[in-house]
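Residue numbers (full-length UniProt numbering), protein chains in the order written: chain A, 1 to 189; chain B, 1 to 1005.
Zero decoy hints are in this set.
Straight-line alpha carbon distances no greater than 20 Å define the calculated SDA-like cross-link-like pairs of lysine to any residue that follow:
1. B:K382 to B:R322
2. A:K96 to B:D756
3. A:K93 to B:E727
Okay, the calculated beta carbon distance ranges per label pair:
4. B:D653 to A:E185: 52 to 58 Å
5. A:P4 to B:L648: 34 to 40 Å
6. A:R56 to B:N909: 51 to 57 Å
7. A:R56 to B:A153: 46 to 52 Å
8. B:I604 to A:E185: 19 to 25 Å
9. B:H611 to A:E116: 21 to 27 Å
10. A:D156 to B:D845: 51 to 57 Å
11. B:N909 to A:P4: 54 to 60 Å
12. B:N493 to A:E116: 31 to 37 Å
13. B:E404 to A:E185: 58 to 64 Å
14. A:D156 to B:N240: 32 to 38 Å
15. A:R56 to B:D845: 53 to 59 Å
Quick caveat, the hints were computed from the structure, so don't treat them as lab data. Note that the coordinates shown come from a computational prediction; the quantities given were computed from them, not determined experimentally. For each residue, glycine too, the CB sits at the ideal point set by N, CA and C.
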Amino acid sequence: MSEPVTALKGGTNTAGFASVTEIGPIGMITLRGRLSEKAITKSAVAASGVTMPEQRMCNTQGEHGIAWMSPDELLVMCPYAEVHDRLADLQEKLAKHHALAVNVSDARAVFQVKGEGVREVLAKLAPVDMHPDQFTPGMFRRTRLAQVPAAFWMTDDTTVHIICFRSVAQYVFEVLCVAAQPGSEVDHF
Amino acid sequence: MSTRLATKGRLIDTRKPLSFSFNGKKMRGYAGDTLASALLANDQMLVGRSFKYHRPRGVVASGAEEPNGLVNLGKEGQFEPNQRVTTTELFDGLEAESQNHWPSLEFDIGAINKHLSRFLPAGFYYKMFMYPRAAWKHVYEPFIRQSAGLGKAPKSRDEDTYEHFYAFCDVLVVGGGVAGLQAALTAGKSGARVILLEQTDHWGGRAPVDGGTIDGGPVDKFVDETLAALKSMDNVQLRNRTMGAGVYDHGYALGYERLTDHAPKAGGPRHRLWRIRAAQIITATGAIERPLSFAGNDIPGVMLASAVRDYVVNYGVSVGDRTVVVTNNDNAYLTAISLKHAGLDVPVILDARVLPDDRGLVAQAKALGIRVLMGHGIASVKGGKRVTGVQICSQAGEGAVLEEVACDAVAMSGGWSPVVHLWSHCGGKLRWDTSHACFLPDVDNPPKGADGMGFVTPAGAASGMFALDDVLHDAHSAAEGVITSLGMRLAKNVSSPIADRREESPLAPVWLMPHGASAKLREKTWLDYQNDVKVSDVRLAAQEGFVSVEHAKRYTTLGMATDQGKLSNINGLATLAGALDADIPTVGTTTFRPPYHPISLASIAGEAKDHVFQPIRRTPIHDWHEANGAIFEPVGQWRRPYAFKRGLESTHDAVMREVKNTREKLGLLDASTLGKIIVKGPDAGKFLDMMYTNVMSTLKVGKCRYGLMCSENGFLIDDGVVARIDEDTWLCHTTTGGAERIHAHMEEWLQTEWWDWNVYVANVTEQYAQVAVVGPNARTALERLGGMDVSKEALGFMDWADGELGGFKVRVYRISFSGELSYEVAVDASHGQAFWDALLAVGADLGVMPYGTECLHIMRAEKGFIMIGDETDGTVIPQDLGLNWAISKKKDDYLGKRAQERSHMTDPNRWKLVGLETVDGSTLPDGAYAVGEGTNENGQKNMIGRVTSTYHSPTLGKGIAMGLVLHGPDRMGEVLSFPGTDGKTYEAKIVDPVFCDKEGEKQNV
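The following block holds chain B by itself, in its conformation from the complex (with noise of 0.2 Å):
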């Protein structure tokens, strides 16, 4: 069993229990503790079950590399799955839960046995997919999907808040092991601008539990007198329970703080998302240890022989009682000797080296009585939920058992991955060291910056050094080396402190255990524990033909887990290396991506939730809508009051009620949203003829003209009405939509094509505010504000003047969108409010009502105007839209012209607009196609037009709409049948777009 020890942890405080529970049992620990050495304290080994077999699964290790230990964590607002144990803090109150079981934990129904799992072997999911094809809805998926998913989808609102953080520096420091500390000081010293990140709450790495001296004291104490200098230094910033998550383009690189997990009852954001700009990074990741594939490397009790180590010396933790150590390496017996010092058995060391003498550690352990058998290896592990004992057998064999030995854990190494993830993520190469078998950090080609230079230097056992005297050397020397490319200069009194060395024996390359392990064995021999890919599953799947990498984790899913494979990636690759005969380095890795270790999607949200999640526009009388019934609607970020309510009527209602009342009183729209864009120079008239399709240099001052304009490809983007404001300065109106994107528009010509007309443009839209004053009493409400000469022969249709309104300074259009008589009057935007309470003052006689764009939409409908983004899609030119009249012959260019003219656009059989009028009076449902004669090659109805817009009508008391059809305006007074997606279908008589007062009488009084 696992149990606390009497001998101290280094990182627990056994002053401080806690009190946590799992799957609801009490359990206690110390402040310290991880959740997962806690479980172990408590005698939990087994803590979850494995993803396709629910097979049992323990703890394998003890940092961010662990697979197995995923547990739901926490409660309602607070309740987050997949949360990995041995990187969860303890704290007092912890509640977790174990995954991806039913029904408990110890008794898992769906645990599919050895004699099933043959029906689940490697592309499974590829295989059920081919055939037979209606297994795959009736039976696989629904299988699939009950056993599909490790931890609970959460069900409440996330309580808690997070934030992103901006930081600059020079260098970047990933990793507060002793080669992150000893960087970061070298270049501290040297003046840099330094951030170091470690991704724990501790520092030091793991070089103070596999000991050693530097500078003749403990490691302890240079990581203690490291990290004092440190503080000390302005130019340094230390952030612990801070994970370098990844490395982008140009020294920007992601920090991962968790502020709160460990207290989940204090204040402040959760989590902080850094974005760091560096200059130069260093990644002092360090390394993780492999594990060894023998037969049944996946029973609970199974772990890295550095996670029984830390657990021993860092938690005062033992893993079992008798715990074999199983190795290919010097560095496991360490494990071994940290053991036999905390008062546990270590019944044998098995080697599977064959060495000439004893040196270094394997003396040592020898010494303290140790057995080591060399050159033996495990055939197979006993037991089931838990260790029982191991079969001992020769590497060099198959597998034929030559002694059995009882022990309740196994400790095993396989040697060590160096952390190369942040290295890759932006391009860094690696090659492969024979020596330590495993990849390294290329240096020769490193990510480049824009300057073609590297920008990411590895340091410590990042970069392959293993022993603590080189893994110092090394960080201190990759700082000077990016201390050098900084320009900077090197500090005087900074050099590398000197480590004890340790004589140590070579590894061995173990890529499965015993070298000829029979396909009973291969069965079960796990790479990947979270996802239960095995050795025969990689073999096979080399031998059905996938022999790149890439391809061959796509189809076992080796590595395909949340714990992106740390563990398993090398062993599968050397797995697919061996059965394909080919070297390691020519199979290749896949690629790192990141983020290092997953990363909570709220830290990325940051402080967008709830009231800030997206910006709202408001203008200047949006407290006034909302006081008074509005119902609004989202137009680009604007919030625009779709109507206005009043008492208990419907909104169809009160939308009946404005169109009627605009037409036959007065209405009132607050038109602020529409952009205004100011363009003045001497070129401007000709800058404008080329952005619209019509003339405007020819428009005299003092008058307005309703233009269109099309992108290069000749599709209309927007609409609006352009005033010329003086000689050389125009004002030019967009959709509401259309205002930042028109005025980029506007500068990208101008700044690449035009840079040397002279022409300055300004967006103006929020300078004002712009209310539609419309109806018949329009004129009389502007009259009695008093101040200005708004009559007819002053003011006539499509003219505009500035002026004064009940004594606000305005600029008065004499537009209309409505076919009513109609002003569009321009305040400064502070005064908006007071003059819209103006307007209402005046007009309270004359029957004001607000009305919102609904209303807007009904009246333009009614007088066949178009609207952007209802009869334009970004595929429809002007000309289908029969706004040939706004389409100058006379001119040279206009952007689009060109594009117009390709056969495409003149083709005859383009769809064009037409009016819709439905025989019964009901109306069009939006976006119905009309279905002509025959079927397409599909065997779907031809469609030969589709409805734009859709309403009905107060005014006419029907259904009107319009749409674009095959050879539209030839077919007059034709009856088209609308298929709806209520079954019913609508028939619809071509008719004119517009349809109400046709000659404009209306808006022209």
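Isolated chain A (complex conformation) (with noise of 0.2 Å):
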């Protein structure tokens, strides 16, 4: 099989009072199930290698991870080669229960902005409270960035990682290239 590649093949732009980045690919896995059901967790646990998160929250390390998507579903992350693997693993271990999981990994692009002004930019095209004191490192949105549905999360206070669909990757690459563009501050956070 040929190399995976990405929807801008990893393009970036550091002009920016933020840099934008696309990284990926990143294996993802829509799970979904009744969270309450403990072999739905358990399961999504395995396939990521970290922990539950909270509601509204995600644990991610590196490319492994759990982002809580709805009372209903959980995206797990992991590496891009391994996806094919760990869905079948996952599927087998939920066959008897009711749950759908599939790969998504194609399905989206991923970024990393990154810099003082993060919040800034995010906050230009989400509407979302990006206030230190109410967006953390390890929550994680799903909402919108300007005119297309976006998810995203703080590994640090100075990074962000943003999930769109593959489609619309060169539309938020740019989206978010106008919001970092020097001049723009808003000085704001």
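Mind docking these for me? Both chains are given alone in their own frames, and the hints should help you get the complex.
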């Protein structure tokens, strides 16, 4: 099989007050099921290698992670090369449960936005309270960036990871660069 | 004349001179000037012409309420019309032009004198619409178009950028005057997250101009100290040059930040729209002074008393050497005193009141030697383009002239109206305050949030507090109330400062000056300067039956100009109340709607311009298409190749080539955009039987079935091939535009109606690149890639299988939308381009060519396959399209079933799908209607059908089409006529919609 190619082949822009870089591919599995069922969360923990996050939170370690997506949905993250095996394993474990696990690694683009002003970049595009007291590393938001759906979390106080649909990767990259353009600092947070 | 004084203005920096131009004339100003103050400093009182009569117009106000001073500002990519001179900060190189005049501001040929003006009375437009009918088109409309419109429309692209910003806070304070500053301080010290917005570049509002002391010191000192305290707090954010534009539901508010209007050469966005969610909002928006209604009050040089004072104190500009002050309240005496202190002459103060004694400011003015005439007013202002004098009369009389006084400016004050706009935007009610003759926020009826509690609190002058001490106390207690309602505790170390009190005599309401002004005077008494509405117009409206204030407003156009009646509304409705012999509160106000002051459309668009105007969805193979001659067409937000042009061929020729090649050799279609939705669970089969008109639960694992989806009203909304993946998993293909919509449709039914069914769905559309490999050589191509058996025996028509092809992990569907031997191959999107390349390589000697959507359309039309959006338009049911074979009769129910049994849906007269073949081989025009016998009640020809899809078929060498026709399937062979918009009439024969390979032999090889 060929080498996987991301939507923007790892495009990057460092001209703004925060840098914008396409990262990935990252292995991603959408897991739907009753989160109250032990087997569901246990299998997610096994597939990701991290512990279960609380509601509206995520746990990530490098390429491994679990993000809470909704009361009946988790996003399981793992290295791209391992996703098919981990998915098969997950499906086998959940064979007797009502659950849906699908590979969505290729349906997504992943961005890293980094810099002191990263909160402002996000606050220009997403209706999310990006105040440092309100949005902290470990939190996870499914929201929108300007006109398209997206989800994001912070790995540290100056780094945001963003997931969006692959087809709009170019738009998200460009709109992030516009939001980070020099001279547009807000100095709000 | 108006000029710059030797005394320094508070806000200007005389060490920083700036040059600018007005109508091409070079002028000088200083940093800190507004365009208005700079124009006045250059004796440019005349700044524009009114909308209707082209009357000369001068600056009236000093802030956002200014109705007259509108200019075209800037050049080319930074040109903008209707910019208010009072809110435009001066910068070096500013270029302004006055509006609405021809040929020049000084000499306007369109100016209509008082003799002509009686032909443009209130309701002019409405009357002209009525009679005589022909006059509208030939006389009035050309005339109105000539005189309508204030500024010029921009011709160049806007070269600036704009953006949004989402902010959240506990308390949003709108207005950075002393009330706003105090409210922010009280709330900030108590630990609330506070955002304080101020529309101008300076803090403190007009309190420093009006003077007084706070905690024993000057107002400026209080402003500086409070500002410093606020800036030191991490929980308080201050934004000047940011107007609170609107208040909406749930504590949502808009702030309009003007970042570079005062420095257009600076980088960065020009405007930023703040989209704020606030738990509580304090409107410390101040008050606006009202004009007085006397004859000639629109002549340049007649200004609000507060504005005259502002220009003197803030900008060191005198609007005239001799200023007559006319008032009904104490406040305007401040203007007389300021002017006197600046060394200017105030020949007389005309006070409409008769006061028993001299107190406070009245006594001060008299002590300065200013002549005060109690119980007097202005009968008429003398002058044309500039005030030359006033005629004095008794306020109580009918305007008999007692005396004439020469002057070059008039400072008027009719009292103050609190700025209740933001309070009112989201439903805050008003009450009439008799003592100040103004509407106030009715604090018992505030705008309410989801919890039923008020979320807006007015503070300071905006809540009717006009004395400095009252303003500060009110602001403090407003913040206190807000802090309590947030469940927070008021900080111990915060209290309201103490301001000195002035003795004040009460205001006397004056809605017309003199009280008994004759009709002749009323015709020269302006209410709305920008739209030319006079007292006589409002009276006429009342006389003609427009008794509702909203009707009178629209009939007269009062308050409908770009200033939205900030100065004219209260005077207008008081005039209406007077004419109706009604109380002002019973007449009521018109509706206050956001924005408070015009905001740029570009700020609303935000970043959405140029390359990020709209998201464009791209498939994993998009770049290849772009590099290989693709002509794109939008399909939803996707861009799909319409055709791939080669060399110099036309698009039409490319499409013809692609059809021919695919039918004879091998075509590749990027089908990645088609929706793919996984449906899984023990109840998934039952669920899909409800979603689709046909049965999906009986589909065998490894098989595919074409299905139709209807809305609950029975109309066809989507179609596609469903594959059964395993015992409780199905994969549903949707149309390109339908993926998100159908996913949401499924979720909605699962979440709201069948919440107890065990079904999960997931939209995996973008996980896969999907390539349709189509044509007689399709199997050979796949066999060359190798890795799985794609023979007829192993993978029959409507089968699917997982496997490997050329080292790629694939899922292959043996389905056909073209009637050819066809495979749709799905690979993980990250490998999509590599797979496409591999197919091109193995297909090179098999005649492989990519094809676009138009080729796809033609091939499906040749086979009689319908297309959602062509054959359907939201009013078409599957039965109309002869798709009864795909509608299960065995099922108890499916979405749309009951609707399709309604009488209208089973009406035999519904138009039904047929094929259409032109008699001469030409191509029918798209959307053409077939006409039948006779005419309808409107005298139009009866219509009996319409074209839904039409193409030139290269396979058949003639035009083919599909259409919906009355009794169509029963009329095979009949010839219908379709009049085209090109004047020709097309004749087409009704035929079977399947034009090629009716038995489906080609796809089943």
